[in-house]
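Chain A is already provided as a structure; the job is to place chain R with the ligands on it using the hints.
Quick mapping for you: the protein sequence lines, in order, are chains A and R. If you're matching positions, the first sequence starts at 1 in the numbering used here and goes up one per residue. If you're matching positions, the second sequence starts at 173 in the numbering used here and goes up one per residue.
Just so you know, these hints were derived from the structure itself, not from any lab. If a hint is listed, it holds; no wrong ones were tucked in.
So the derived label-pair ranges between C-beta atoms look like this: (1) V280/R / D111/A: 43 to 51 Å; (2) N533/R / A135/A: 45 to 53 Å; (3) A135/A / L487/R: 37 to 45 Å; (4) H480/R / D142/A: 57 to 65 Å; (5) F92/A / T639/R: 38 to 46 Å.
Below, computed lysine to aspartate or glutamate pairings styled on EDC-like, alpha-carbon distance capped at 20 Å: (6) K485/R / E171/A; (7) K154/A / D496/R; (8) K127/A / D496/R.
Where a beta carbon is used, it is the ideal one built from N, C-alpha and C, also for glycine.
Here is what each chain is made of, one letter per residue.
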Amino acid sequence: MQSHFELFGIEPGFALDRVALDHAYREIQGRIHPDRFAHAGEAERRASMQWTTRVNEAYRVLQDPLERARHLLELNGIDVAFETNTAMPAEFLERQMTLRESLEAASEARDAAALDALRADLAIDRKRVETQLAARIDQEKDFAAAASLVRELKFLERLDMEIESAYEAIEA
Amino acid sequence: MALLQISEPGLSPAPHEHRLAVGIDLGTTNSLVATVRNGVAVALADERGRVLLPSIVRYRRDGGCEVGYAAQAHQAVDPKNTIVSVKRFMGRGLRDIDHIENAPYDFVDAPGMVQLRTAAGVKSPVEISAEILKTLRARAEASLGGELSGAVVTVPAYFDDAQRQATKDAGAVAGLNVLRLLNEPTAAAIAYGLDNAAEGVYAVFDLGGGTFDISILRLSRGVFEVLATNGDAALGGDDFDHRVFCWVLEQAGLSLLEPRDARLLYGKAREAKETLTAHGEAPLTARLSTGEFVDLTLKSETFCSISHTLVQKTLGPTRKALRDAGLGVADVKGVVMVGGATRMPEIQRVVADFFRCDPLNNLDPDKVVALGAAMQANVLAGNKPQGEDWLLLDVIPLSLGIETMGGLVERIIPRNSTIPVARAQEFTTFKDGQTAMSIHVVQGERELVADCRSLARFELRDIPPMTAGAARIRVTFQVDADGLLAVSAREATTGVEASVSVKPSYGLADRDIERMLRDSVEHAKDDMLARALQEATIEAQRLQAAVQAALAADGELLDATERSEVDRRMSELSTALTSGDHRAIKRAAEALNRATEPFAARRMDASVRRALAGQKIASFDS
Ligand SMILES: Nc1ncnc2c1ncn2[C@@H]1O[C@H](COP(=O)(O)OP(=O)(O)OP(=O)(O)O)[C@@H](O)[C@H]1O
Ligand SMILES: [Mg+2]
Numbered sequence: 001m002q003s004h005f006e007l008f009g010i011e012p013g014f015a016l017d018r019v020a021l022d023h024a025y026r027e028i029q030g031r032i033h034p035d036r037f038a039h040a041g042e043a044e045r046r047a048s049m050q051w052t053t054r055v056n057e058a059y060r061v062l063q064d065p066l067e068r069a070r071h072l073l074e075l076n077g078i079d080v081a082f083e084t085n086t087a088m089p090a091e092f093l094e095r096q097m098t099l100r101e102s103l104e105a106a107s108e109a110r111d112a113a114a115l116d117a118l119r120a121d122l123a124i125d126r127k128r129v130e131t132q133l134a135a136r137i138d139q140e141k142d143f144a145a146a147a148s149l150v151r152e153l154k155f156l157e158r159l160d161m162e163i164e165s166a167y168e169a170i171e172a
Numbered sequence: 173m174a175l176l177q178i179s180e181p182g183l184s185p186a187p188h189e190h191r192l193a194v195g196i197d198l199g200t201t202n203s204l205v206a207t208v209r210n211g212v213a214v215a216l217a218d219e220r221g222r223v224l225l226p227s228i229v230r231y232r233r234d235g236g237c238e239v240g241y242a243a244q245a246h247q248a249v250d251p252k253n254t255i256v257s258v259k260r261f262m263g264r265g266l267r268d269i270d271h272i273e274n275a276p277y278d279f280v281d282a283p284g285m286v287q288l289r290t291a292a293g294v295k296s297p298v299e300i301s302a303e304i305l306k307t308l309r310a311r312a313e314a315s316l317g318g319e320l321s322g323a324v325v326t327v328p329a330y331f332d333d334a335q336r337q338a339t340k341d342a343g344a345v346a347g348l349n350v351l352r353l354l355n356e357p358t359a360a361a362i363a364y365g366l367d368n369a370a371e372g373v374y375a376v377f378d379l380g381g382g383t384f385d386i387s388i389l390r391l392s393r394g395v396f397e398v399l400a401t402n403g404d405a406a407l408g409g410d411d412f413d414h415r416v417f418c419w420v421l422e423q424a425g426l427s428l429l430e431p432r433d434a435r436l437l438y439g440k441a442r443e444a445k446e447t448l449t450a451h452g453e454a455p456l457t458a459r460l461s462t463g464e465f466v467d468l469t470l471k472s473e474t475f476c477s478i479s480h481t482l483v484q485k486t487l488g489p490t491r492k493a494l495r496d497a498g499l500g501v502a503d504v505k506g507v508v509m510v511g512g513a514t515r516m517p518e519i520q521r522v523v524a525d526f527f528r529c530d531p532l533n534n535l536d537p538d539k540v541v542a543l544g545a546a547m548q549a550n551v552l553a554g555n556k557p558q559g560e561d562w563l564l565l566d567v568i569p570l571s572l573g574i575e576t577m578g579g580l581v582e583r584i585i586p587r588n589s590t591i592p593v594a595r596a597q598e599f600t601t602f603k604d605g606q607t608a609m610s611i612h613v614v615q616g617e618r619e620l621v622a623d624c625r626s627l628a629r630f631e632l633r634d635i636p637p638m639t640a641g642a643a644r645i646r647v648t649f650q651v652d653a654d655g656l657l658a659v660s661a662r663e664a665t666t667g668v669e670a671s672v673s674v675k676p677s678y679g680l681a682d683r684d685i686e687r688m689l690r691d692s693v694e695h696a697k698d699d700m701l702a703r704a705l706q707e708a709t710i711e712a713q714r715l716q717a718a719v720q721a722a723l724a725a726d727g728e729l730l731d732a733t734e735r736s737e738v739d740r741r742m743s744e745l746s747t748a749l750t751s752g753d754h755r756a757i758k759r760a761a762e763a764l765n766r767a768t769e770p771f772a773a774r775r776m777d778a779s780v781r782r783a784l785a786g787q788k789i790a791s792f793d794s
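Isolated chain A, as found in the complex (with noise of 0.2 Å):
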């Protein structure tokens, strides 16, 4: 099976050329998108549903900057393993107890600026993992050090849902 970065006929890699990503997936879909076969027969009506299927879950892979990483991963025969794998470094612990005392205040609080201060200081926090999973995926090729890193993202994502979940709360 092609890999999703093959689909879009882009150099593999963390990095990513947004540019180029959204240019094929837009040339793509102008031509296979099921708006252009409303008036085809059912064989090719289908045909497009399914490849435009797999274009856009491609395309959300890859725009992700965690499910892109895991991909990686997955193309160099790295498992992240969420489920098994819980092991996280005591400075990142310790930084997610800060994060998560203060979503607890600013929920109690129905702080709706505390959660936008929140939100923003993750999105940095982000930002530094992405940074360094760059580093280990395209230039030391440590993969064993990108899926620690992948695993810590997914717990800033998950703080992230909780943070939207506060928020609606808020608002109900």
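For chain R with the ligands alone, kept in the frame of chain A given last:
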């Protein structure tokens, strides 16, 4: 490059072959139909020059019905048989509908979707909506002078699978070839974006009679990309009417009204609400059947205070949509206002406050959805040459999940995924020799199954018997470009296809649709046959044309054996077409479809490669 472009899929038809395609806005309050004529989208009027068709259907004792203004005229005198706002019942059970106690109808609590007992028998919301669609179809055919080749029907973006399926079924019952279900705010964005050559991030704020949608889109070089959508499928102008209605009851000290009086007061409440858009106060007078007289004045401030929570209710979804899009208010270049209820000054003010900019009101909020749908229908019908068309990337509004232990939901496809989208999930058996398993699919954002919308229960059968935990059943959830879900299953170790039998928690079996189709052709059996033959013929001819065009474009992708197989199926279909037997035509068309499957897949593959080749060349040029 040029060489590559001649053999594009998309198949723009020969210039003379303009296909008649329309866009239909099937609204809670008003419906309308539009088409693209000489390159311009126009709404089609009835014989008296009226564009809006009130979404009202009245059933008579003789079994017939009237639709629109004719039905509206009977609203107050025959409320039980005069169905307004039927869209609120689409894909909904009795328990799901707000203020049901105020509705003057005789509801029948059918499993899944509620039904209504009328003078002409028990009717499903699908059939009632189909009457509206039929009326618009007849209007369009009269005005365009021919059979419609296809229609795009709009739905609120926040409609769930049940509501979408019901809408599509209504199209089928009305005899329409539904090319696509299009989200209403997306349709509005097309109309706005094309008219104004807009580029950048826009919000579409659509508050109609019964539904509220907020969509965030990025418009860039002919691509309409929905970044996020949210809303409330049960919030609209009707709810404001309801608040005024309740206020009237309170002020006039009324309770327990006759259905006809309730209808009358609802009508007066709406009038007063609309008057307040341009005036500081509105008179509200009515004489009830009991002889009581209502004589009130509704002040703007009073209206604002009784409807305050409704106005605020639009902001929650708006915030969520922005967050899901990963954007802030400052990123939004403009807010396109859609739907009659956005005329209310308080809504305008709140939207302006929230987005910190003046809302865009330069399009007719009543027509914009239908016009956008017509533009999309024109593209889907293949009437636009490649290069002049656009690409629409829409999303699924609500997450899809399955029930797991303890009544919890496991999310399979998250909301705001670009469609079409598919996700697979693996299941295993927990008993030795287990050959069946049931799966419960739900839609919604809540953690508990009980708080989500139940879509269907699937029974997986024919699982090959194995020891417990050995089977690996891969269940694929596919959402198509209409936002509709389909499920398939396969046992991974043996490759055995497990059959999926669907028990929709709502909605209709194919059998029901067939019955409705039959009922709707009230005439003799001959007519039914004639219609079946006509439909099969049109469908078959469309297929033939498509295959011919595909062969002309990419014939070289087939080897001689494959080609002769396709040719044989083509000529068999031509023979069947002369037989006058709709079943024979359908069979031959299906056979041709099957024969062209590998060809279709290869063409798609080739298209992707060409797209990339084109891109390489383009980047080489620059
Ligand atoms: N001048 C006005 N001031 C306030 N409200 C108005 C005005 N004109 C129309 N409306 C309200 O707009 C609503 C109808 O809007 P519209 O025709 O856009 O809805 P629809 O498309 O039928 O519904 P939906 O999109 O929810 O299915 C009604 O509630 C009506 O009272
Ligand atoms: Mg509408």
